[in-house]
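Student: Keeping the supplied structure of chain A fixed, place chain B upon it in accordance with the hints.
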Amino acid sequence: MSILASSDRVVGAASVGRTKRLRPSYWPFVVPALIVVVGVIIFPWVFTLWMSAMEWRIGEEQRFVGLQNYVRLFTDLRFLEAMGHTLVYTALSVVAPLVLGTAAALAFNTKLPARGLLRGIFVMPMMATPVAIALVWTMMFHPQLGVLNYLLSLIGIGPLQWVYHPSTVILSLVLVETWQWTPLVMLIVLGGLAALPTEPYESAQIDGATAWQRFRYLTLPMIKPFLMVAVIIRTIDALKSFDILYTITQGGPGTASETINLYLYSVAFTYYDIGYGSAIAVVFFVLIIMLSLILLYLRQRSAWNTGDGQ
Amino acid sequence: MLTSNGMCLSRRRLLASGAAAGALGLSGLGLPAFAQTGGINWRKYAGSRIEVNLIKSPRGETLSKYQKEFEELTGITVVSEQTPEQQQRQKAVIELTSGRPSFDVVHISYHVQKRQFEKGKWLADLTPFIKDPSLTDAGFLDDFSEAGITFARSPEGGIGALPFSVDYWIVYWNKDLFAKKNLSFPKTFDEMVAAAAALTDPASQTYGFVARGMKNANTPVWTSLLLGYDQYSVDANRNLLTDTPEAIEAAKLYQTLMTKSAPPGVTGFNWAECQSAFLQGRIGMWFDGVGFAPPLEDPEKSRVVGKVGYGLMPKGPKAHAAATTGDGIGVTAASKNKEAAYLYCQWATGKLMGARLLQAGAGVPFRNSVLSDPGVRKGVKMPTAWVDAVVESAKISRLALPVIIPVTEFRDVLGGALTNMISGSDPAAELKRATADFKPILERSEKT
Numbered sequence: 139m140s141i142l143a144s145s146d147r148v149v150g151a152a153s154v155g156r157t158k159r160l161r162p163s164y165w166p167f168v169v170p171a172l173i174v175v176v177g178v179i180i181f182p183w184v185f186t187l188w189m190s191a192m193e194w195r196i197g198e199e200q201r202f203v204g205l206q207n208y209v210r211l212f213t214d215l216r217f218l219e220a221m222g223h224t225l226v227y228t229a230l231s232v233v234a235p236l237v238l239g240t241a242a243a244l245a246f247n248t249k250l251p252a253r254g255l256l257r258g259i260f261v262m263p264m265m266a267t268p269v270a271i272a273l274v275w276t277m278m279f280h281p282q283l284g285v286l287n288y289l290l291s292l293i294g295i296g297p298l299q300w301v302y303h304p305s306t307v308i309l310s311l312v313l314v315e316t317w318q319w320t321p322l323v324m325l326i327v328l329g330g331l332a333a334l335p336t337e338p339y340e341s342a343q344i345d346g347a348t349a350w351q352r353f354r355y356l357t358l359p360m361i362k363p364f365l366m367v368a369v370i371i372r373t374i375d376a377l378k379s380f381d382i383l384y385t386i387t388q389g390g391p392g393t394a395s396e397t398i399n400l401y402l403y404s405v406a407f408t409y410y411d412i413g414y415g416s417a418i419a420v421v422f423f424v425l426i427i428m429l430s431l432i433l434l435y436l437r438q439r440s441a442w443n444t445g446d447g448q
Numbered sequence: 176m177l178t179s180n181g182m183c184l185s186r187r188r189l190l191a192s193g194a195a196a197g198a199l200g201l202s203g204l205g206l207p208a209f210a211q212t213g214g215i216n217w218r219k220y221a222g223s224r225i226e227v228n229l230i231k232s233p234r235g236e237t238l239s240k241y242q243k244e245f246e247e248l249t250g251i252t253v254v255s256e257q258t259p260e261q262q263q264r265q266k267a268v269i270e271l272t273s274g275r276p277s278f279d280v281v282h283i284s285y286h287v288q289k290r291q292f293e294k295g296k297w298l299a300d301l302t303p304f305i306k307d308p309s310l311t312d313a314g315f316l317d318d319f320s321e322a323g324i325t326f327a328r329s330p331e332g333g334i335g336a337l338p339f340s341v342d343y344w345i346v347y348w349n350k351d352l353f354a355k356k357n358l359s360f361p362k363t364f365d366e367m368v369a370a371a372a373a374l375t376d377p378a379s380q381t382y383g384f385v386a387r388g389m390k391n392a393n394t395p396v397w398t399s400l401l402l403g404y405d406q407y408s409v410d411a412n413r414n415l416l417t418d419t420p421e422a423i424e425a426a427k428l429y430q431t432l433m434t435k436s437a438p439p440g441v442t443g444f445n446w447a448e449c450q451s452a453f454l455q456g457r458i459g460m461w462f463d464g465v466g467f468a469p470p471l472e473d474p475e476k477s478r479v480v481g482k483v484g485y486g487l488m489p490k491g492p493k494a495h496a497a498a499t500t501g502d503g504i505g506v507t508a509a510s511k512n513k514e515a516a517y518l519y520c521q522w523a524t525g526k527l528m529g530a531r532l533l534q535a536g537a538g539v540p541f542r543n544s545v546l547s548d549p550g551v552r553k554g555v556k557m558p559t560a561w562v563d564a565v566v567e568s569a570k571i572s573r574l575a576l577p578v579i580i581p582v583t584e585f586r587d588v589l590g591g592a593l594t595n596m597i598s599g600s601d602p603a604a605e606l607k608r609a610t611a612d613f614k615p616i617l618e619r620s621e622k623t
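These protein sequences, in sequence, are chains A and B.
Residues in the first sequence are numbered consecutively from 139, following this note's numbering.
Residues in the second sequence are numbered consecutively from 176, following this note's numbering.
Just chain A, same shape as in the assembly:
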């Protein structure tokens, strides 16, 4: 025993020594990634934090102002309004594609004729360039010349002002976002549906469950993790949406569709107020992180293998 024990100790000591000797040699492999992470992620954020504590306007002298830019944020009505627009736009841009994408996935999960072709056509909007999409929709939204009002006139509905009126602009923009990103949700949910076991459905059928009951009590709980993935992706995507909003409305009419992103762009790159713009960026970053953490927590809770003793 003692010989064995001592031999173990010897082997152990040799192993530790080898580990100690080998450990530094791993560093060269880590360094490139470390440089990239520091240069591309950590440094810009530290620099942004530093800029947010400065009064920094392009072409003028900079001076340290501490938290003054953050204090200004909470008294800036335009920022608060933009925050509200961002949350409303994000919520609608997540819910609408989620509902429609799930419905589409359920439809494409059945044995439709020409299912492959239809699915291909359905995912096309997702592949288009956002600015091109925005320009086409801008033309379609035109109150006098747009095709949407023409189509509505065929069924006797009076002309709408779409993105040209403060009360309808966000809904109209959500329409574009929904049109483009419903296919993504459909693909995620369709993947989930394909992975579902068939046994519960057979049991339910034997027990006489209706189609709605099967969906409500079997499909929906089982695809919840996939829906959560879709919610996370869509939320982050909608929060940082810029191209479509900027191209179609530039935040207008007035500031009726101005989100934090658009306001941040105006402050930093058209007013050249880099310090204040950085403070907005920091707050926006914190908002995204908080929302992402909440969603990740919910995703963990909705996973099949946790929380219910499985």
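Because the hints were derived from the structure by calculation, they are not lab data.
Among the clues, some could well be false.
Derived SDA-like pairs: lysine to any residue, alpha-carbon spacing no greater than 25 Å straight-line [as the list claims (entries may be wrong)]:
1) B/Lys511 x B/Glu331
2) B/Lys614 x A/Glu198
3) B/Lys482 x A/Gln282
4) B/Lys607 x A/Asp214
5) B/Lys476 x A/Val269
6) B/Lys427 x B/Lys511
7) B/Lys476 x A/Gln282
8) B/Lys607 x A/Thr213
9) A/Lys249 x A/Phe353
10) B/Lys231 x A/Thr276
11) A/Lys378 x B/Lys476
12) B/Lys266 x A/Glu193
13) B/Lys266 x A/Thr385
14) B/Lys240 x B/Pro470
15) B/Lys266 x A/Gln200
16) B/Lys296 x A/Asp214
17) B/Lys266 x A/Arg201
Please read all numbers here as calculations on a predicted model, not as lab measurements.
Tutor: For chain B alone, kept in the frame of chain A given last:
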């Protein structure tokens, strides 16, 4: 040496003969040749290389199109790039702030960037070059309109950027619609409101008036109306005049025109939407810059070809004024090839280039001699009424926007208030609020 001289000589001969042939051809089109080049030694900086930063626009495209001509004339190599207006402004400001811009020549929008460029001291003072007889003919500045010189001159008396292209705000009007209602073109603001109301018939989707309603873009519409009340938006001491009784009256006028006589959705209209609506033949009057005219006379784009009237801005209660914006071409203070860059600026703002801009409808030069030259006028593709509107506007020209650093914020804040007015807000309350919001921004901008 001999070879070099010989080459130079033969090149000069070639250029001279080319220029002569060109002059003959150009004069046939009513274009002035390089008549102004008498004492200038264009080849003084042959072999230099300059970089030019242009705004992507018909003006920038014209300069790029004829760039080879400048290179052959001077022996200076030009590398130019055109960037869309908003992005070009951002790029220029960021590079100039760095102190090491990548370009020697920069195309600026006076009405937005003049004060910012002056305060940053980003442009070289061109006065020494203008006084140098080997670089400039005597009386060079005399030919530019007063608005051009006002734009170009810095508070210290120097010349920052040479006046390149001017834009006057005029009223485009549909002669057919006016004739149907037996109306004549309005001469006063009151007549304009009455005509706009008379032309409006929502049932046939016809509207009497359209102008920019989109935030930021709409501010010059209101400041232009304000000029009719004999008032600028900011005074010479940079005090805001945006909530005075005159300012409120001008805002009420804007509100009346935009709510009673403009098409639905006008709050989201920039110039492009206004132009599209006017091109369809269902708009009585469109108030905007004179530079947006060419598509109106293009049969492929327009349903109103030959039916468009080009009217001078109607007279306001206290003044008759045409709001003016403009572009300039300057040399960066950091440039190491200032003289060569200056020659480019002089070529770009010369009579020949001015005539080309005018004749193509790509822009209006600040040069009086070009506008009054019958030969040049003959070659203009646009109708005579358009040229007349330009010439007459020049006589009553006033700056459309204040010469301050935060012009964009001014336009955003006041523009937001104007957009709210179209949605029914009270003009006086909106202007008070916007003025209070913008005042600290203006004060802060001049603090350092």
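Student: Going through the numbered hints above, which ones does this structure break? Give me the numbers in ascending order.
Tutor: 6, 11 and 16
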